[in-house]
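With chain A fixed as given, assemble chains B and C onto it according to the hints.
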Amino acid sequence: MDVYTASIPTKTKGNADMLDVTDGARRALRESGMTEGQATFFVSGSTAALTTIEYEPGLQRDYPEFFEKIAPSSETYKHNQTWHDGNGHSHVRASLQGPSLVVPFANGDFLLGTWQQIILVDFDTRPRSRDVVAQFIGK
Amino acid sequence: MDVYTASIPTKTKGNADMLDVTDGARRALRESGMTEGQATFFVSGSTAALTTIEYEPGLQRDYPEFFEKIAPSSETYKHNQTWHDGNGHSHVRASLQGPSLVVPFANGDFLLGTWQQIILVDFDTRPRSRDVVAQFIGK
Amino acid sequence: MDVYTASIPTKTKGNADMLDVTDGARRALRESGMTEGQATFFVSGSTAALTTIEYEPGLQRDYPEFFEKIAPSSETYKHNQTWHDGNGHSHVRASLQGPSLVVPFANGDFLLGTWQQIILVDFDTRPRSRDVVAQFIGK
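Chains as they are written, first to last, in our numbering: chain A, 45 to 183; chain B, 45 to 183; chain C, 45 to 183.
To be clear, the hints were calculated from the coordinates, so they are not data collected in a lab. Any given hint might turn out to be false.
Identical copies carry no separate label here, and so any pair may be met within one copy or between two of them.
List time: in silico SDA-like cross-link candidates among lysine to any residue, alpha-carbon distance up to 20 Å [said to hold, decoys possible]:
| id | residue 1 | residue 2 |
| --- | --- | --- |
| 1 | K183 | T79 |
| 2 | K57 | P171 |
| 3 | K55 | Q104 |
| 4 | K183 | A150 |
| 5 | K57 | D67 |
| 6 | K122 | Y99 |
| 7 | K183 | M45 |
Chain A with its partners taken away, still in its complex shape (with noise of 0.2 Å):
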């Protein structure tokens, strides 16, 4: 049993852009050299979040009108009031989503349905440049 910890290095656009990362997380579970054990994914920041998905053009548009709909970008946010970044509802949708996402591997890759990708969704108003890290415990 061991401890391996790796990130993925990311460039979003904001806006509930949502990114596949199952190719580099992928990636860092070679690097691991494991093959049983669970994969922790977190983002740092308290704007982005991470969860899974079809991640198919029309749920590339779904899943953001979703969020708008449930925490409207137009509402008043009293964190606005105070910061001026106009990014109150980035950080409802992101608290609401969850930083953490665990994924369990066997016989050297994810338990992931073939249609279900590992995404990071950045909730902020800009482009930014976002690490995820992802760590695997196992053997």
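Relative to the frame of chain A, chains B and C by itself:
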């Protein structure tokens, strides 16, 4: 320290059907022979998700109704316009809830509350067979 | 590699009160003696949840208001009709947010952003004492 990967077979009804998998999880924990560590539950596929809830008849109706309100099945999803499988809302809900749940255990049992059960929520629009991955890391 | 299970005692006010438990988490990490691995935070019970947020006064009001919008306390919940404890909305919100949060650590500290704190959100309708489980797996 070791890792043990098992699976909990389920049959779901779809449409946000909630299934209590706590008994299956306890069986898998006993099989692992571990007494302290963390269990990762994970569902392969992009239209189901995991969380905990007080598994009682009232909430078994409230929770699906909540999802019908925030991500209505009647809405227009671009996913459906491409794939015509009518489950755009299922994908949105599953990505929001998330495919993984981590539960620590100590002294041979999960550190769950008395009225807190581990559930699989199947958001798809039809009955399905689902294997929930239960992976244990500990000693 | 080892596992270390601790707990962070808290006193919450309820009604989506958010409590910063990052200091308690750091204390537990130091006690574990580990420098690289993953921490699972978990709340027993079905009316509280964990996530990260920029813990500042604006968001401390925005985030509870967001939940009041998507799962209003004034709505009719079947849970309440059975149990008459008036906290149906607390259950729905807690199940959505989820009871667990996994945060990786390396070089002896959590890989959190500077403006990213670990919070317990107590959705129940009254003040409560809550022990947040903090479990570390690593070396």
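Query raised in the report: For the identical chains here, do K57 and P171 meet the 20 Å Cα criterion within one copy, between copies, both, or neither?
Result: Result: close within a single copy only, 4 Å intra versus 38 Å inter.
Report task. Indicate which option fits the pair K183, M45 if close means a Cα-Cα distance not exceeding 20 Å: within, between, both or neither. Result -> Answer is both; intra-copy 5 Å and inter-copy 10 Å each pass.
Query - Homomeric proximity label, K183 with A150: Cα distance no greater than 20 Å - result: Both ways: K183 and A150 sit 10 Å apart in one copy and 19 Å across, limit 20 Å.
Requested in this report: At 20 Å max between alpha carbons, let me know whether K57 reaches D67 within a copy, between copies, both or neither.
Outcome: within (19 Å within a copy, 33 Å between copies)
Report task. Evaluate K122 and Y99 at a C-alpha cut-off of 20 Å and name the case that applies: within, between, both or neither. Result -> Answer is between: at 13 Å across copies they meet the 20 Å cutoff, but 33 Å inside does not.
Query - Up to 20 Å CA-CA - T79 versus K183, copy category - result: Both: 6 Å inside a copy, 19 Å across copies.
Requested in this report: Tell me, please, which holds for K55 and Q104 at an alpha-carbon limit of 20 Å: within, between, both or neither?
Outcome: Within. Shortest intra-copy distance 16 Å satisfies the 20 Å Cα cut-off; inter-copy 29 Å does not.
Violated hints for the displayed structure: none, as all numbered hints are satisfied.
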